[in-house]
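Using the hints provided, position chain B relative to the given structure of chain A.
Chains A and B are the protein sequences, given in the same order. So the first sequence is numbered by the working numbering: it starts at 3 and just counts up by one. So the second sequence is numbered by the working numbering: it starts at 2 and just counts up by one.
Keep in mind that the hints were calculated from the coordinates and are not lab data. Computed from a prediction, not measured in an experiment: that's the story for all the values here.
Which residues of chain B face chain A? A partial, calculated answer using Cβ under 10 Å:
no., residue
1, Thr32
2, Tyr34
3, Ala40
4, Tyr117
For each residue, glycine too, the CB sits at the ideal point set by N, CA and C.
Okay, here's what each chain looks like letter by letter:
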Amino acid sequence: MTRGDMRQRLVILVMVFTAALGMLAMLRGAPIPGTPVVYTADMTALLVTAGMLGMILLGAYALPKRLGVDPLLMTLTNFLCALGIFVQYSINPNGGLFHAALYAAGSVLTILMMIVIRRVKTFRDWWLWIALGAAALLIIPRFYTVNNAHAHIPIQRNGEGLITMTVQPSEAVKIVLIVMLADMLSGHGWKPDAVWAAVFAGMCVLLLIVEDDLGTCVLYVATALLMFFAATGSFSVLLTGVAGAGATAAVTYRFTGKLKTRVAQWLNPFMREQLDNGQIGLKGHQIAESLMALAAGGVHGLGYGIRDTFRYVPEYSNDFVFTVVCSQFGIVFALAVLAAYMVIIFRGMRVAERARRRFHALMAIGSTALLGVQTFVIIGGVINMFPLTGVTMPFVSQGGSSMLSCMALMGILHGVHACAEQDEREARALTDPDYGASRGVSSGREARA
Amino acid sequence: MRRMRRAAGFLSAMFAVMYLCLGVYFAYSVTVYSDRWFADPANPNILHTDGVIPGSVYDRNGIALARSVKTDDGGYTRVYADNTDVRRAVSQLLGDTRGQVANGVESFMAAYLLGYRAGLTTRLTQLFSGEPRRGDNIRLTIDAMLCVYAAKRFPSGKSGAVVVLNYKTGEILAMVSLPNYDPNSAKHAAGSYYNRATNVLYPPGSLFKLITYAAALKEIDGATARVFDCEGRYSVDNLTVVEARGAKHGKVTLAQALEQSCNVVFAQLALEMGYSAIERQARAFGFNDTVLFRDLVVKDSKYPTSSQTRDDLAQSAYGQGRVEATPLEMALVAATIANNGVMMEPKLLDRASPTETGGLPVGSSVYRKALDETRSMILKEAMLSAVRTGTASGAAIKGYQVAGKTGSAEVSSDKSVPTHAWFTGFIDDPSFPLAICVLVEGGGSGSSVAAPLARDILREAIRLSE
Numbered sequence: 003m004t005r006g007d008m009r010q011r012l013v014i015l016v017m018v019f020t021a022a023l024g025m026l027a028m029l030r031g032a033p034i035p036g037t038p039v040v041y042t043a044d045m046t047a048l049l050v051t052a053g054m055l056g057m058i059l060l061g062a063y064a065l066p067k068r069l070g071v072d073p074l075l076m077t078l079t080n081f082l083c084a085l086g087i088f089v090q091y092s093i094n095p096n097g098g099l100f101h102a103a104l105y106a107a108g109s110v111l112t113i114l115m116m117i118v119i120r121r122v123k124t125f126r127d128w129w130l131w132i133a134l135g136a137a138a139l140l141i142i143p144r145f146y147t148v149n150n151a152h153a154h155i156p157i158q159r160n161g162e163g164l165i166t167m168t169v170q171p172s173e174a175v176k177i178v179l180i181v182m183l184a185d186m187l188s189g190h191g192w193k194p195d196a197v198w199a200a201v202f203a204g205m206c207v208l209l210l211i212v213e214d215d216l217g218t219c220v221l222y223v224a225t226a227l228l229m230f231f232a233a234t235g236s237f238s239v240l241l242t243g244v245a246g247a248g249a250t251a252a253v254t255y256r257f258t259g260k261l262k263t264r265v266a267q268w269l270n271p272f273m274r275e276q277l278d279n280g281q282i283g284l285k286g287h288q289i290a291e292s293l294m295a296l297a298a299g300g301v302h303g304l305g306y307g308i309r310d311t312f313r314y315v316p317e318y319s320n321d322f323v324f325t326v327v328c329s330q331f332g333i334v335f336a337l338a339v340l341a342a343y344m345v346i347i348f349r350g351m352r353v354a355e356r357a358r359r360r361f362h363a364l365m366a367i368g369s370t371a372l373l374g375v376q377t378f379v380i381i382g383g384v385i386n387m388f389p390l391t392g393v394t395m396p397f398v399s400q401g402g403s404s405m406l407s408c409m410a411l412m413g414i415l416h417g418v419h420a421c422a423e424q425d426e427r428e429a430r431a432l433t434d435p436d437y438g439a440s441r442g443v444s445s446g447r448e449a450r451a
Numbered sequence: 002m003r004r005m006r007r008a009a010g011f012l013s014a015m016f017a018v019m020y021l022c023l024g025v026y027f028a029y030s031v032t033v034y035s036d037r038w039f040a041d042p043a044n045p046n047i048l049h050t051d052g053v054i055p056g057s058v059y060d061r062n063g064i065a066l067a068r069s070v071k072t073d074d075g076g077y078t079r080v081y082a083d084n085t086d087v088r089r090a091v092s093q094l095l096g097d098t099r100g101q102v103a104n105g106v107e108s109f110m111a112a113y114l115l116g117y118r119a120g121l122t123t124r125l126t127q128l129f130s131g132e133p134r135r136g137d138n139i140r141l142t143i144d145a146m147l148c149v150y151a152a153k154r155f156p157s158g159k160s161g162a163v164v165v166l167n168y169k170t171g172e173i174l175a176m177v178s179l180p181n182y183d184p185n186s187a188k189h190a191a192g193s194y195y196n197r198a199t200n201v202l203y204p205p206g207s208l209f210k211l212i213t214y215a216a217a218l219k220e221i222d223g224a225t226a227r228v229f230d231c232e233g234r235y236s237v238d239n240l241t242v243v244e245a246r247g248a249k250h251g252k253v254t255l256a257q258a259l260e261q262s263c264n265v266v267f268a269q270l271a272l273e274m275g276y277s278a279i280e281r282q283a284r285a286f287g288f289n290d291t292v293l294f295r296d297l298v299v300k301d302s303k304y305p306t307s308s309q310t311r312d313d314l315a316q317s318a319y320g321q322g323r324v325e326a327t328p329l330e331m332a333l334v335a336a337t338i339a340n341n342g343v344m345m346e347p348k349l350l351d352r353a354s355p356t357e358t359g360g361l362p363v364g365s366s367v368y369r370k371a372l373d374e375t376r377s378m379i380l381k382e383a384m385l386s387a388v389r390t391g392t393a394s395g396a397a398i399k400g401y402q403v404a405g406k407t408g409s410a411e412v413s414s415d416k417s418v419p420t421h422a423w424f425t426g427f428i429d430d431p432s433f434p435l436a437i438c439v440l441v442e443g444g445g446s447g448s449s450v451a452a453p454l455a456r457d458i459l460r461e462a463i464r465l466s467e
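Excised from the complex, chain B in its bound form:
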């Protein structure tokens, strides 16, 4: 009998552990993932909204991006912004209720828009008054006019993306993807449903040198003082690393190598440090990690380490080979460097409320610390001088401290296709804490295409926020 009593006691404890796991898993998974579950485009509660009046979506200045308007037959229909340019500029960001665009605001924030996040009082009032359920109105952090400017200033006919965010708060001010479409017209350009800022992966090219640089500052003693030798080409095993336009940088420090975007030096650094050191730093910046932001879904950027050849390792140092990143991720890298190594969680939702104007702003939150302050200062300095005297000089704005890094990412092995033009950078100014990332698919050189584009968009952002 005593044995059996012991067994009963043990089974009590076993069930306690099992149910505790069940409860913890349940509470955790619902808190972390429920927005994503609900926002799935196949959710019948988003597709069939009978009996609910979906809330409106506004930009940060109160421009209506989407509203519900009563139709003659008593139902409600979704109406988008009056201005065609606004409709086009925010098309993928806003998305639609049918899930043609993956994870746009209209579907990803449906829990708010359809009133599933309403407070208890609102819920009870609706319950007993018998009025149709009214979803919350939401205000985004987006500046629609900045989006319009970015979309118009973008090289015509080119595909690509622009992300502008506030690096102190993480608020996304502009997120534009081209080509875009007009939700009011039936003809939509091919590929215009992709949000290229968040859902498409590109080789980051030289922008990745920022991460390699950050890793080197940690892994290699005396990295700042060391002098490297660049003879214009460098042979690994089967790969010869060459410089853009056949340049030869001679004896350079690391800071100068970044400023001049010297591939040879970074390839040497990578071979010296190895995969794991770079991977650790890349992971700190959000690569190889399942990012779960509350307001938006971003494809996971990748720094693959499975192929361990020295050629791949050398190429990965300057973001070629199998390294892939989203424009938003590269904007976050610049924003983190600007914000002393602290990555703020990027956010789109400013406030949600049952009334037209009320509601408290959702606070900002730190996503993670990716870098220590000393290293972020060194990187910031190098990016500032890249704009002052280096490859990114096209991004300079008179009267402001602009920092940046350009990239021209190869997408073919034989150079038959023009490179993707990249720029990521920020304004080093506490009153205009703006970070930007620009990508022009097949745009050519980062210095001559992406940097001036970023400069103009930043200048417009300053003008709009003044």
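One chain only, chain A, in its complex shape:
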């Protein structure tokens, strides 16, 4: 089977999946057992499905040709986004539509990000200003309290003054972190830049500790560490970093209360405890509810749209969305979702390997590592493999900031991919004039090494 055939099969598979979910979403009256069947024709769902199918085709065929995006990455991202949209739609139609709108905006952002990456060779002149901007973005949320933490800025409140929409600046700073570190670490042997990179990463992490956003903090530390490792290629850097992070975690565990409850809940999620209302209840409430809902799904799941198992899981549209996927689609499908993430990571690293410039390779590694770590951390937490750290599941979890930042990360990967392709074409055109002429590449330009 050629690469083209494989791509075609994957695209067909993703389209069939999307169309099937779209149809079920359209008949949303049906899948609630115990209620009379109402076969509604939900036109919004129909529109979303049609749009999604168009986007899949666009991402797999037209965009790679016109803009040089990577079709495999595009198709898998579209698969995960379609899953996200329909899962959110089954939880709450408005949430699903919001997710779809974010996906559309995110797609535009992907292209914009790609163009920026293709144009800009370095941000050196603006380092100071970017760093100050990032610091400001991370400091602002400190003055607001949302969900007992200081990581969000409320931007919308309802009539009763309750916060209905927030922005999480640390999601945007993720992109800044990756681009800045890649830029600072891309020079050969000019040591002060690496020091600046460490200073910048350290500043971001410190501000996140002040924000009390543990989950994002873990992601920043892991991404920065893996980027330093990639830039130096030295395993001692990696090991020192891991040991340092472990020691910090151990000290935090020893001296603060926060990690202790998490670890206790992880070790024994079903432990009973006296609750505030005097009754005896589950201590690891979140994890326990997640595991019970996972178990309800079994191998093949309860079916798309069945809500009665996960309605007790806290944050089910957000951090615990993987539980919803499991309970609706079963563990076999959940493993397929894991595989999709894994292929994205492989592809991202492959993009990095093919890049011709250190700056590009480092950005690709950083973006891929961040996506990989984030998915690993949240899924592992939800299935209780290790203590839960609250981060979102890329492309599927509800949440605008997260969706947009993930799409921007994909934009970086596509940009690096397109540049590498162009560089390769130009290099071949130099050595082989016929190749260039046949592809319409101007062979006169100097190839960038």
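Chain B in isolation, oriented as in the chain A frame:
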């Protein structure tokens, strides 16, 4: 650049390993533990069953133990067996949906009863017909009439447990715990929510000698031929091992020591073998191990080795000190010996199906091999002669080969409280492969209380299965 490419390749491999671990852990934990997660009494999906009609529970002969009946307001309510004796006899085994009894069938098998294990076709039909979800009906391996007999024959006013199982298939035929309660009445006796067969640990007393014996057969060369000397008492460090009723067994072989339940000989054996040898054999039988049976939750029986005094070691040989076991575990020990050393997984679920009578039986499966065949034959022979001529003679049934071991476990140091009466044994007959364990709390002597009780229950089990 080359270094960075290498780093990217390494990171690919690292993420591959991480995600592989994630996938394997996920698949493994869900397959092994999901029933237990789902069955947690705090599961809101069990507590709030609106929109679902829970399935019925039947015993092996089709006696309805629990059903869902439509109420006037259109909802469904749970109705238990018509007969009071049946309701009481299976009360803890069946449990309830609110989790008052830990891990009863009603909560532990809720995934079936509430339709979460239904097949794809059933699921789809329900989805598109708009009918309320109907849970699977399940048929248990339990014989309700045997449970009723065991509960009635039990010494009145006493607490305890009876387990009867088929040692070839692992099917549990009776599991009774006393005191029990009537789910239809509001007044429930204190302690009646405990399933004493599975969820309470007792000192196993002399029953543990079976395990010490099995260990000795492996660890000590020529153990079968060796002659021991019992002078009625034996001093360790601060402990003096004595015999029941001041007996003095004189020169005995191991088989005779088991037959006469001689503490002195077993204490000597333990001191000779040491903790690790006995612990290894106990572990093979399921002690000190997290047992994960698919159909029931059993408390883990314990053979502690952390205290390394010689006194504790000597006592552990005859199941005193800090050794603890559930009646089900001791029934499994006898069943394993009866089944040539192969422990079958104890099971309660015969079949589950969306229809009233259909469904295929769930097969039996081997849980583990605890003993080799030669040693299990020697143990079987010793247990047979314990019933023929030894302490367990009260369990003999005319016309059948009954094997057994009695125990009278001390629960106080000064003998002010009567001992727990134990019996575990089996019928050595391929057409009636039944193993039993009986425990009467504070019942007195195993020989005079537990053995005759076991005999009567086994006789009834034979009568019912004929």
